[in-house]
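Chains as they are written, first to last, in my numbering: chain A, 1 to 111; chain B, 1 to 290; chain C, 1 to 268.
Below, in silico cross-link-like pairs of lysine-lysine (DSSO-like), each with a Cα-Cα straight-line distance of 30 angstroms or less:
| no. | chain 1 | residue 1 | chain 2 | residue 2 |
| --- | --- | --- | --- | --- |
| 1 | C | K26 | B | K218 |
| 2 | C | K46 | A | K79 |
| 3 | A | K85 | C | K101 |
| 4 | C | K77 | A | K79 |
| 5 | B | K52 | C | K28 |
| 6 | C | K242 | A | K85 |
Treat the hints as calculated values from the structure; they're not laboratory data.
In case you want the letters, here they are:
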Amino acid sequence: MFKAKIITVLLFIGLAGLRGMRANQGPSLPAQQAAPAQEAWQKEFDEVCSKTQDAMTFSPEELAALIQRCDTLLPQIEKLDDTRKKVYMGRLRRCRGLYAYVLDSKRNEKK
Amino acid sequence: MLMCSIRKGMRRNERGLLLLVLACEVLLLGNVASAQIYLPAAPPEQPSDYGKVILDNSSAAGGPGAVVFDHWLHRSKFTCRLCHVDIGFAMQAKATGITADTNRRGFHCGACHDGRKSHDGKIIFASCSDAGKDERCARCHSLGKTGVRKYAYRSYTAKFPKGVYGVDWEAAEESGAIRPVDFLEGVSVKRTPLQSREDFSVTAHYSWVPDIGFSHKKHSVWNGCEVCHPDIFPTTKKGTIHYSMFLNIAGRYCGACHGKVAFPLNNCQRCHPSAPIWATRDRPTSARPE
Amino acid sequence: MNKTTFVVLALILTFCGHTAAQTGIKKKRPLPYEYGRVIINNYSEKTNLAPVVFEHWIHRAKFTCRVCHVDIGFAMKAGATDIRAADNARGYYCGACHNGKTLSEGKTVFESCSRNVAAKDAKTCERCHSLGKTVKTDYDFFSFSQPLPKERFGNGLDWEKSEELGLIKPVSFLAGVSIQRRSLSLQNDFTLNPTVAGMPGIIFSHKKHTVWNGCELCHPEIFVGVKRGTVKYTMVDNFQGKFCGACHNTVAFPLTDCQRCHSMPVQP
Chain A
1 MFKAKIITVL LFIGLAGLRG MRANQGPSLP AQQAAPAQEA WQKEFDEVCS
51 KTQDAMTFSP EELAALIQRC DTLLPQIEKL DDTRKKVYMG RLRRCRGLYA
101 YVLDSKRNEK K
Chain B
1 MLMCSIRKGM RRNERGLLLL VLACEVLLLG NVASAQIYLP AAPPEQPSDY
51 GKVILDNSSA AGGPGAVVFD HWLHRSKFTC RLCHVDIGFA MQAKATGITA
101 DTNRRGFHCG ACHDGRKSHD GKIIFASCSD AGKDERCARC HSLGKTGVRK
151 YAYRSYTAKF PKGVYGVDWE AAEESGAIRP VDFLEGVSVK RTPLQSREDF
201 SVTAHYSWVP DIGFSHKKHS VWNGCEVCHP DIFPTTKKGT IHYSMFLNIA
251 GRYCGACHGK VAFPLNNCQR CHPSAPIWAT RDRPTSARPE
Chain C
1 MNKTTFVVLA LILTFCGHTA AQTGIKKKRP LPYEYGRVII NNYSEKTNLA
51 PVVFEHWIHR AKFTCRVCHV DIGFAMKAGA TDIRAADNAR GYYCGACHNG
101 KTLSEGKTVF ESCSRNVAAK DAKTCERCHS LGKTVKTDYD FFSFSQPLPK
151 ERFGNGLDWE KSEELGLIKP VSFLAGVSIQ RRSLSLQNDF TLNPTVAGMP
201 GIIFSHKKHT VWNGCELCHP EIFVGVKRGT VKYTMVDNFQ GKFCGACHNT
251 VAFPLTDCQR CHSMPVQP
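Could you build all of it, start to finish, from the sequences and the hints given here?
As structure tokens, then:
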């Protein structure tokens, strides 16, 4: 019984701490507005395009693979409704464009 | 003759002739427009009228009336750069968008005329202040009114050295008669001054026109860089833009200042030092070798 | 072509000529509170609303450039994003924050293009569709800018210093929109040498730019060249809105502030 209480208190503190950290990240959505379950293509998009910060550290092969994943996402985004298609096409363009740019510059360096 | 032919209707060869005439007309006028046949007109008779800007944005009936801005008073106290770069005045009447509201908020005229800043030990009166009565408004909104201005040209410039036309402002600064201020606290931002660019000569477009001697140094003393670049003189390769006299007279390029506030364009030798003496419309009272 | 048209055309051609061009005169400089203003009118007037007036100064104080231009996906030219009311109502573009639910600095951000607004409540729309109208806003430029360090041109504010001093805290992550990323490994600063003799060299700070922009905002759309020195960034191009001028003409400190970039001593 006592153990259960300790665990509850610790969980509570942990969750409260996490909540505090998120507050520093700017506008927050109220609890009932939390992001709905992501679709598969969205998860893939987030995964691929979350690496743009590290683009300079990847090898040409890794960059080529990321570009390939962007290209695979393209037809899936094209099937979306008008609004999301417009938004995500733009974001994908910038994301893929960056990887292609860095790949180009790496290939150029080698010359 | 032209309108007659049109009204009567034309046969084929008459139309061809009309086309030819119109083409010649277009070519001739185009040539005149870009050629240096056009000579600058004389500036106003009274140097006190030179550099006068009438600001007539909201001259609706019942309003305070148009503003008369005299450059001679302000240029004796401040550099061109301070007003046209730091404060941000445009260089054409009504292009700045000055309103009583912007003045009250401390922009434009209100950058100095705020009732708090002082110059030469005197407080500068507030512009467009709510507290002002009609007499105060008339200090600036003085078009058509007499006896409302504080400073008169003649008495104010009595001790300044004179040139061919009105005050010789360069000589006035050299002699210490005027000390134009270049920094306004709370408005200007201190910067390491950019190195002055070199003086150079510009070969005129037409071979019979004497070369122009341009002094970057003299211009940047009062203007810095930003007054002219890039708006008035876009940073293109030398030789790509033809700064024709026609355009200068129309108020562009050199004519943005020279012809409105700085020495007028009809004094040819100031820029074309080897121009013949007869080229100057006003006889010079003193030789001015550059 | 009939005779009258021909004559009129010929006369116009004769007299038009030089007056058409716009160079050689000083342009009107936007006031500090006008700088960064974007007028958006893809569809507003067609639907009997005033064009939208977007002020950068209030948004850049709260968010980095990246959040809006990369994460949310706004283009960098007025009208190029093609924002529709439906997009906003669905929670994209402006609606990513302006949805009546998101909180910013403790206050709810008002909803944009709400489907629940009746035609008679047009006043609500005027909060953004305000060109030519006097609209009361929550934020006033003067009280906002008063405590911030001043600079010349543009908004008259030193935005970088404002952040350094903690007076503004632009956020770079928007929950539900931004992708969680690791922090950027900083790129090096480097010098650029002008081709015009006598102009001081430029120190370009990648660090300062990537803090607010990330990489994708500039590369490759604005800066295509992969090998340094292959693309010449002339001032003429910059003033036309290309390269540096994509931002430093309309939103970031304007190019007329020469010494901000040309800050090295002149090479002999």
